[in-house]
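Q: Here is what each chain is made of, one letter per residue.
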Amino acid sequence: MDVYRGIPVYPGVVIGPALPLDTDGFLIPKRSVDPGLVENEIQRLKDALSKAAISVRKNQAEVSSKVGSQFAAILGAHAQMIEDPFLSNEIVTKISSNYFTAEYAVSQVLRQHIKEMEALPKGAMVSRTADLFDIEKQILGQLIDQKQQELGNLTSPVVILAHDLSPNETAKLNKQFVHAFATEAGGRTSHTSILAGAMEIPAVVGLGKFLQEITGGDIVIVDGDAGLLIVNPDEEILENYRKRQSQTISHDSSLEQLKSLPAVTKDGVQVRLMGNIEFPHEAVHCLEKGAEGIGLYRTEFLFMGKETIPSEEEQYQAYKKVLEDMGRDRPVVIRTLDLGGDKLATGTQSNERNPFLGLRSIRLCLRNIGLFKTQIRAILRASVHGNVHLLFPMISTVLELRQAKMILSEIKEDLQEENIPFQRDIPIGTMIEVPSAAILADCMAKEVSFFSIGTNDLVQYTLAADRSNEDVASLYNPGDPAVIKLIDLVAKAAGNANLAVSVCGEMSGDPIYTMLLLGLGIRQFSVAPHSIPEIKKIIRMITLPEAENVAREAMRLETARDVNNYLRGQIRKLIPDPMV
Amino acid sequence: MRTSNGVFAVVATEISKKVLINNPSGFHMRPKAAFVEAASKFDSDVKLVWSGQAFNGKSMFELMLVAAPQGDEIELFVQGSDAPEAFEHLEKILAEVEPSQE
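Top to bottom, those sequences are chains W and C.
For the first sequence, position 427 matches number 426 in numbering that gives the first Met the number 0, and the numbering has no gaps at all.
For the second sequence, position 84 matches number 83 in numbering that gives the first Met the number 0, and the numbering has no gaps at all.
Hints should not be assumed to be uniformly reliable.
[Stated by the list, open to error] Pair ranges (Cβ atoms, derived): (1) Phe-132/W <-> Lys-17/C: 45 to 53 Å; (2) Lys-17/C <-> Pro-16/W: 41 to 49 Å; (3) Pro-83/C <-> Pro-16/W: 56 to 64 Å; (4) Glu-74/C <-> Ala-129/W: 22 to 30 Å; (5) Glu-74/C <-> Ser-63/W: 42 to 50 Å.
[Claimed, not checked] Beyond 10 Å from chain W on every Cβ pair, some chain C residues (computed): (6) Asp-42; (7) Asn-55; (8) Glu-74.
These are computed hints drawn from the structure, not numbers from a lab.
We put the CB at the ideal spot given by N, CA and C, even for glycine.
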């Protein structure tokens, strides 16, 4: 039994057979197959070799007709190598004597030859290792393709294990059979994690190297609550998890009944529960979970994984879809581009020494006015289709906020001149996620009509700790008294200025903080859609004086550990067997 | 070929000869590809010895490891029923001067 610890990105427990996927362009890990599947691997290899050869020859014919046969000859040589029976025999031997996967056997044999070639006397010319890398890529490409086809044709439940999953690959996953996934790479805000949330399957990312230990079909447990991957669990662990699984199922169905009930405390205080989304198609999902609106639409995901920057029209269509799905009245808070830090668009590469303190988010937009203006135009144009709110991220000074607003008014003027309709009094908000903004919340309040507290960044910047760095991750804690004091400050400033304030980081979706936040004066929570029922359940079980009491008590404590212990104790009183 | 007790075994003819590489780019990918393609058409076994190492002349993959520049010698061995014909053909490819287009 092996246990790997990673970052949980979608809760729940799944037990199932592993389906390891290799990633194109990524070093193939050493993996074996069950001895009974050796023939199958050999067949996969032969199919891949013949397909690779066909594809290279096709390529050769094309190059030949375009630029001449002498340039295409090299591709002919590649095809000869791929078809070389000596190569095929060598790989087959690796598979049949070591039970290697076809992928690993291919990569091993070719890497061996590459090494030999590198040892050849340099100078004169002749052999280029690039040719062999090319061939490896061709063959592996075919093998990986096969696996991906299998993904589309699954007939029984599996757990996908991979180094990383591209958005493309993730999109191919069939939810009916892919019950969970776990990856070596990735962080909480990486693509993969976000997509796990969208697919609502338990997932753990950032596990570090583990693939070399996996054999296809191994029984694995993905624990999306604790962030664990357990490979070949022993009987006792397996039994424990089976029990937890059945509890989770009954828990889920009881939450389902909450969907149509309002989020209101026992003493009648209305709370607004909204959903966070990354992709337009998730809007429907929020409605299914009973969201009263979209509290945070993270538009940067439109920009990630793309070759080119999406046009104004493309953006307009995406925003329009969300608005139409949500209907005329439900608010949709569109946050402008929050790129940089750990979220980079394809093709851009940060060479800043300290990207999280660098040119990211609103700072990046204010430097790339063209990009920023295009987005704001698209949002304004879409504003006629629903109830849009505009939110600026990562504001750290009042001046920045004014600059952003100035650009907004310029674009409004442009649209007016062009006779393009838009919602004139579109509400403007600012994220409070940098401590300076929280401290100056009373000044910020004069500039905007709502606040949205982004706890993920607020915690990171307040404690100066990156939670994906395991050496300092323990400092990162939403329950830290410093964070709570800042939230209190922001809530009070908003209250004094009669401003709406919502909390939209992960903290707002974590049930242990619900009472605290409510007690601090937060009346709007924006959470991942799947967390809505759980948070609603807690809100409906308490009264405002109870929540205010919890907040008061928590504010007296001096360490994150004490705060969290206290809050956990409070929620246990509420729900004796909490799933938290 | 002689067996251990000195009796001549009946084997197919083996022909061998050292061939000088004339191509200015050496024995590179394109002549190699032509060589393998031609060699594969014959029944005879084809072997190249270069730098003290033997390589199967029908395997493009093995020939990738031959890094013979112009002026190097490669020894060609052909053995089998169609050896003379094969030898003549393959020697020509090996010795061919073909201006480099790479």
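Q: What hints, given by number in increasing order, does this structure fail?
A: 1, 2, 5 and 7
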